[in-house]
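Guided by the hints, dock chain B onto chain A, whose structure is given.
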Amino acid sequence: MSILSRSIMLLSRSLFLYGLTESRMGSTMILILFAIISILIVIKNPFLSIIPITLITIYYILYSMIKQLLYGALVVAIPSLWMSLSNVLALYIMAKPIDIFNVLTIFIKAEVGALAILFVMHNINIFELTYISQLLSKKLTFTLILLMRVLPHFLKEAYEMIYIHKLKNEKMWKTLAMLFIRSDEITAFFTEGLYLKRNHIKPKLLYKKHTLLVQLILIIVNTTSFVFIKHISY
Amino acid sequence: MKKQKVLEVNDLSVSVCSRPILKNITFTLHLGEALLITGRSGCGKTTLLRALTGIAKELYNLNVVGRIKICGEKIHSSSEASKYIHYVVQEPWFSISAPYPISELFIHSYKNQQYIECLAKTFSIYHKLWESSTNLSAGEAERIALIEAFASDKKIVLIDEATSYLDKKSKELVVDTVKKLKEYGLSLIIVDHNVELWSRIVDSILYIEDGYAKIFDNVYETPIYHQLLSLREKYRELKINKNSKNKDTILEVYDLWYKYPDSNDYIIKSFNINVTSGEVIWIKGSSGSGKTTLLKLLAGILKPSRGYIKRPRNIQFIPENPLHYISNPIVVEELRNGIEIAKLVNLEGSLYTPIAFLSSGERRRLAIVSAFMRQSKLLLIDEPTVGLDPWNALNILNIIHRLVKNGSTIIIASHSDDIGAIATNSYEV
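Chains as they are written, first to last, in my numbering: chain A, 1470 to 1703; chain B, 235 to 663.
Hints are computed from structural coordinates only; laboratory data are not their basis. Each hint should be verified, as a subset may be incorrect.
[To be verified] Pulled from the structure, derived: some chain B residues nowhere near chain A, Cβ distances all over 12 Å: (1) His310; (2) Ile330; (3) Ser366; (4) Tyr446; (5) Lys481; (6) Tyr500; (7) Ser504; (8) Glu567; (9) Leu585.
[Unchecked claim] Derived CB-CB ranges, DEER-like: (10) Arg1667(A) to Thr260(B): 26 to 34 Å; (11) Tyr586(B) to Val1557(A): 16 to 24 Å; (12) Lys1640(A) to Arg547(B): 50 to 58 Å; (13) Asp410(B) to Thr1523(A): 47 to 55 Å; (14) Glu307(B) to Lys1608(A): 23 to 31 Å; (15) Leu1605(A) to Ser539(B): 43 to 51 Å; (16) Pro1548(A) to Met607(B): 39 to 47 Å.
[As the list claims (entries may be wrong)] Below, in silico cross-link-like pairs of lysine-lysine (DSS-like), each with a Cα-Cα straight-line distance of 25 Å or less: (17) Lys1666(A) to Lys345(B); (18) Lys537(B) to Lys1637(A); (19) Lys1536(A) to Lys503(B); (20) Lys493(B) to Lys1625(A); (21) Lys413(B) to Lys402(B); (22) Lys1536(A) to Lys537(B); (23) Lys1666(A) to Lys416(B).
Here the structure is a predicted model, which is why all the values come from computation and not from measurement. A virtual CB, placed ideally from N, CA and C, is assigned to each residue, including glycine.
So that you can see chain B by itself, here it is in the shape it has in the complex:
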């Protein structure tokens, strides 16, 4: 039986100030199908989603030409698109408007409380319904945003880089959620680099390069799959040799315990660590396991409930969002006119660029090198590769590798297995 066409895109071109971003994109999406859009960073994947929703034209003043039809209706604006499309942005917590997940699902659908609770149970997120939306992890926020599409009876779900902020377990949960939505008859467009992850779900792949799109039926035939395979080889070249002879002790932690003032349970229990110079320590664990809390304790931002920490003066702590670290409006000021150090992280071309215009990868590089300038002895870095594509993530690991060679000691809290490539020691929390 022939499936119903849900979305038809014909000759869609997007440009900014006459500079083309996307050229003559044409594809069709049928009911209950999943399409994966992939390509290198900056190729226009997110721009394509924005063009489909009308956001490109209305919020970003991009020039969008071409025909978009949803369920037979020609789409000209975001309000027409919003009848059919549910859009989940890369940082999923920005797709949630209400302070509690239950209110989000309740306010944006015609369904009653029983239906929403039942839906949440089906998608294994019931336990988070009554919590604060601000406290949701990226994976939980993503799943709430996804089941909202179903609760609000939308036909198409657009998901931008769904897995870039997630740990392994959360990635699998999100993929399962998307699979269930597909089984329930929703059509999905997923943007991601991680083509292998989606291989069991997607029906076709739209690969974008130089503004043009090419359709593939199998993820393993896409150029990006082969590029990622060769990238894995480069991770192996990063290994730092552990040499424990004649090393100074930089940090000593003995029997560390911590609980938040309004909590009855300890989030950190009897943690011990001894860090010597030149080490890269990897604190691993899933989202919400207490990795960031531990880094804050080591940095002195939080005071331990029990235990002992002997740390060097002026520890620098780079949080998950590097913008929280940066304290100057332009790169050259943040680096105190250190042009040589800017060269170390390939930022010499952006010295006078306002921080607001830097990409996430550039911000992270800037924050790491700025912290290194201020205190080379001990750097604490929270999730240095989160939200970055594999190429940018490799760039960051290269920089950390270089800093360690320059005499730094680094403690990284991360759920990403990539950190294993440079870690000399690891601890699980």
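Isolated chain A (complex conformation):
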């Protein structure tokens, strides 16, 4: 198995198939705020993205998820590299001078931005998400939890189907067509299985104090850094 396919396998497993780890018992809202501030720091000064990256790394180490971060960084490096190289290509076509510093900036912005989003996705607290969404609409709450439930289920089945059809030497479009048939079936099965429950959803909040505390420290350090950077740049 190539390092890339290993990385994709591990990343998708960690996103969708890992359980409700302690790292997922903090606040999603704090994490979203953290990601926004991290992106703002990167926009302001890409080379100071070392601060949010260090904070993210500490979080992953603290919850024994460093492997996920490394593989995640490797996977998101592909689109980041593509973005920076397409910039080089564009400059080359337009016969303009290529600025290595600019190319590096694009890469860092894309990489850190993607890692910050991945960080949020890895650590979503389902309880908080459903609790907030029910304030807007109960249907939205059901849709959200169902999405988080159905997506990994479908991905797991899709992986299997793709591999098996590869053994059969089938064309990709045939696999896609069968995936559509299966997704229809999965929808029908979930509809029947959950039909009676649809009106009885009662979201409640559930946190772990330790995780909340760590996330609060992270956001305080990140915000302070951002304010400091802003102050310096004036």
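Below, chain B alone, put in the same frame as chain A:
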């Protein structure tokens, strides 16, 4: 003391486009009682559950006539039924809406975390509470769905074919769970062919035949019990003779090890096997023991961490869900116009039927024969009888028996003891 009536069903009839499925079904269920609904496949057992929940009318547009009363309240719709009924479908993972079991139990009840954890400990499923729902085995999903009924204070639990996907140990665990729920005062309606399994729990049996229902007090008096006994005789007739003379080696595996990239433990440890032509190898083991992983390694889908596999080219792998194997929208296309081969598995009448409309048994037959067409040398089949009733399971074993006679070599991973009827050799993982 007279027990409280929880469910009263009077003259319930269900039909589709004026074709009757169920006719004048009448029965009563008391508090803390368990009723077993049984009968041959297609007799209308699941339709009866759907009619009780309102799903038959609202999701399947079936015509439902008759009176249903729960705790004295007349039931006309699914939202009225949902106040009292918890419904666990045949594939239990489709009854779980949340990504983690703890969130499922927490979100669908008024109970707090301590209560849910305590409940999970009582039902011996605490260790799975924080895992991903997608990774639950069928037995674990079934038990989570069942204790959810208790956590959400429902009065009646409907369980459709609870054991069809389970190994022996999981079946016993599910039966124990149902027994505990009954002791806690829940009323249960269980649909299953395996009447013997439920004999120590159920109070009465509703046997359905030709749309009509008959009540029995003892599972051993039901016609299906005697039909299953005579079916066991047919399994004995399937035995394949092991003749090891002048056989070619088809597959060689030496010191095979495997672990997933994010795991520290090996799931396959030092596995060795030598398969010769015409053999039926049975890889046995309980759910989660690594049988499917082993088949994927043999097929070349996964690469071993250590060890050596010498395999023929173009191995075909049929997964647990046969739809994952099929790659064409209709039967005749999947079989590349092979009408003769369709006859081999009794699919000649369904040549132009869309795959989506085939039953699980038909899909499995199609997948097996389609794989045989593509590569007759070595077929790997994962759980070929899971989810099937005993008659369909026997059909599948008959087909495998016929393919072996036609020169195929087959490796089957299964927790079902039925495979023993055709296996020439077995390995435990």
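Hint check:
1. His310: Fine: 14 Å to the nearest Cβ keeps histidine 310(B) off the interface.
2. Ile330: violated, 7 Å
3. Ser366: Violated: least Cβ distance 5 Å, not greater than 12 Å.
4. Tyr446: holds, 25 Å
5. Lys481: holds, 25 Å
6. Tyr500: holds, 16 Å
7. Ser504: holds, 20 Å
8. Glu567: Its Cβ does come within 12 Å of chain A, the nearest being 10 Å, so this is violated.
9. Leu585: holds, 18 Å
10. Arg1667(A) to Thr260(B): 26 to 34 Å: holds, 30 Å
11. Tyr586(B) to Val1557(A): 16 to 24 Å: Given a distance of about 55 Å, which is not inside 16 to 24 Å, the answer is violated.
12. Lys1640(A) to Arg547(B): 50 to 58 Å: violated, 19 Å
13. Asp410(B) to Thr1523(A): 47 to 55 Å: holds, 51 Å
14. Glu307(B) to Lys1608(A): 23 to 31 Å: holds, 26 Å
15. Leu1605(A) to Ser539(B): 43 to 51 Å: At roughly 47 Å between Cβ atoms, serine 539(B) and leucine 1605(A) fall inside 43 to 51 Å, so the hint holds.
16. Pro1548(A) to Met607(B): 39 to 47 Å: holds, 41 Å
17. Lys1666(A) to Lys345(B): holds, 16 Å
18. Lys537(B) to Lys1637(A): The hint holds at about 18 Å.
19. Lys1536(A) to Lys503(B): holds, 24 Å
20. Lys493(B) to Lys1625(A): Distance ~18 Å between lysine 493(B) and lysine 1625(A) Cα, so the pair holds.
21. Lys413(B) to Lys402(B): Cα-Cα ~17 Å, so holds.
22. Lys1536(A) to Lys537(B): holds, 20 Å
23. Lys1666(A) to Lys416(B): At roughly 21 Å apart (the allowed maximum being 25 Å), lysine 416(B) and lysine 1666(A) satisfy the hint.
Of the numbered hints stated above, those contradicted by the structure are hints 2, 3, 8, 11 and 12, listed in ascending order.
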